[in-house]
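4 protein chains.
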Amino acid sequence: MAEEDSLKRTDETTIAELRELVSEFVHERNWEQYHTPKSLSEAISIESAELLENFLFQPDSHLPADIEKVTDEMADIFVYLMSLANTLQLKSFSEEVYRKMIKNRQKYPIEKFSGNNYSKQ
Amino acid sequence: MAEEDSLKRTDETTIAELRELVSEFVHERNWEQYHTPKSLSEAISIESAELLENFLFQPDSHLPADIEKVTDEMADIFVYLMSLANTLQLKSFSEEVYRKMIKNRQKYPIEKFSGNNYSKQ
Amino acid sequence: MAEEDSLKRTDETTIAELRELVSEFVHERNWEQYHTPKSLSEAISIESAELLENFLFQPDSHLPADIEKVTDEMADIFVYLMSLANTLQLKSFSEEVYRKMIKNRQKYPIEKFSGNNYSKQ
Amino acid sequence: MAEEDSLKRTDETTIAELRELVSEFVHERNWEQYHTPKSLSEAISIESAELLENFLFQPDSHLPADIEKVTDEMADIFVYLMSLANTLQLKSFSEEVYRKMIKNRQKYPIEKFSGNNYSKQ
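Protein chains in written order, with full-length UniProt numbering: chain A, 1 to 121; chain B, 1 to 121; chain C, 1 to 121; chain D, 1 to 121.
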């Protein structure tokens, strides 16, 4: 994939394409041996904490002046998540998301949770 | 969106469609007020730890017998990540991923990192 | 140790006593094999996220009505931390804390950081 | 407190002394305003991930060559934990630990869990 092309893409990109992007990166470096489900879960936890660090001791409304610090960590989390989907050989990660969202709709019915902070329930 | 349809989808689903799915879920419950960048970063950290919990005190090769325990947590992380992309009004989250992968390729050149565990470098 | 006695103790308890309490608990169950530095670090991360979950989507001033939910997680983190000190056979964990506090004082001199949120620096 | 003295201490140090050490550090910088329960929980999560990072993509037996990288993160977690005990004005943090250990003994009776990885139960 030419890198020049990649930056022209928008969110019309499919999960399949992004999984392939990550798979290629891992394969080129012969890193499949390190990308076990357990290690990838650790990596996701670590990158999530690096995302959170941008907001530590800041008010709830805070955004870092340099937004790239935030989007870089978001991308890291996503890349490890796609690598985990690849390692687990999930037929369709999107399907897992749709399935979970059905569960979420049942758990949080609109009439009961509208405007209600669900962690208070 | 009919829920019957959703489960037929595959990873041909685009990031834009998944962002819209999450946006609708949040909007229907009037939860935008809770989905600040800081709170979403906390939520991602918490869900990541729940993913990791499936592997605690297990060998590196471990997979839970019930794979849905893993894919549910992966979906939770992804949903909060897409909600963060929405809150930040990112024009294209995929673009951020492609941009970060270019950085990663520069940081980990194939010739130097092939088969090498990069955390050892 | 009689459990009746233990609840009479106050914060005059030493780190040595608490390390011993944890060591005994782990040893009685023959769990040393699971308490590797890596696994204990994972456990600490997971318990920390459970602590944080008490505050998710809440204002900065929030405290759960049931404070025991918070102190239970704090104790879990502490217990794994002491088990890690034991596994690493640290001669004195307190010494490590004093040493790190000296570093902290040098990194955050009072005259420069008084009243200043250091993550902004 | 003279820094020369501090390094002579051993694990005979009490929790009360360590809480006082942290309290003084926070007070001197007028940082009580930042040390809310929520923020301290975030800080503990972030430091835990930094501890875990020392073991990422490594075998279960791994220890970094430079052990200070590990003990520094352990101290950071402990310091924030003591600051949380201070913010919550816990009469005795040790008591909370003893109380939780009683719960743990009931949850994991020796006869049932000896040599058994409890996450498998």
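Mixed in with the good hints, there may be bad ones.
One copy or two, either will do: identical chains are not told apart, so a pair holds if it fits within one copy or between any two.
[Claimed, not checked] In silico DSS-like pairs for lysine-lysine, Cα to Cα no more than 27 Å straight-line:
id, residue 1, residue 2
1, 91, 112
2, 107, 91
3, 69, 91
4, 69, 107
Hints listed in this document are in silico derivations from the structure and should not be mistaken for laboratory results.
Hint-by-hint comparison with the structure:
1. Proximity of residue 91 and residue 112 under a CA criterion of 27 Å is satisfied in neither setting, with 34 Å inside one chain copy and 32 Å between copies.
2. Taking CA atoms no more than 27 Å apart as the test, residue 107 paired with residue 91 passes inside one copy only; the shortest distance there is 26 Å, against 31 Å between copies.
3. When the C-alpha separation of residue 69 and residue 91 is checked against a cutoff of 27 Å, the pair qualifies only between copies, where the shortest distance is 16 Å, while the shortest distance within a copy is 32 Å.
4. With identical chains, the CA atoms of residue 69 and residue 107 are at most 27 Å apart between copies only, with a shortest distance of 16 Å across copies and 34 Å within one.
Violated hint for the displayed structure: number 1, the only one.
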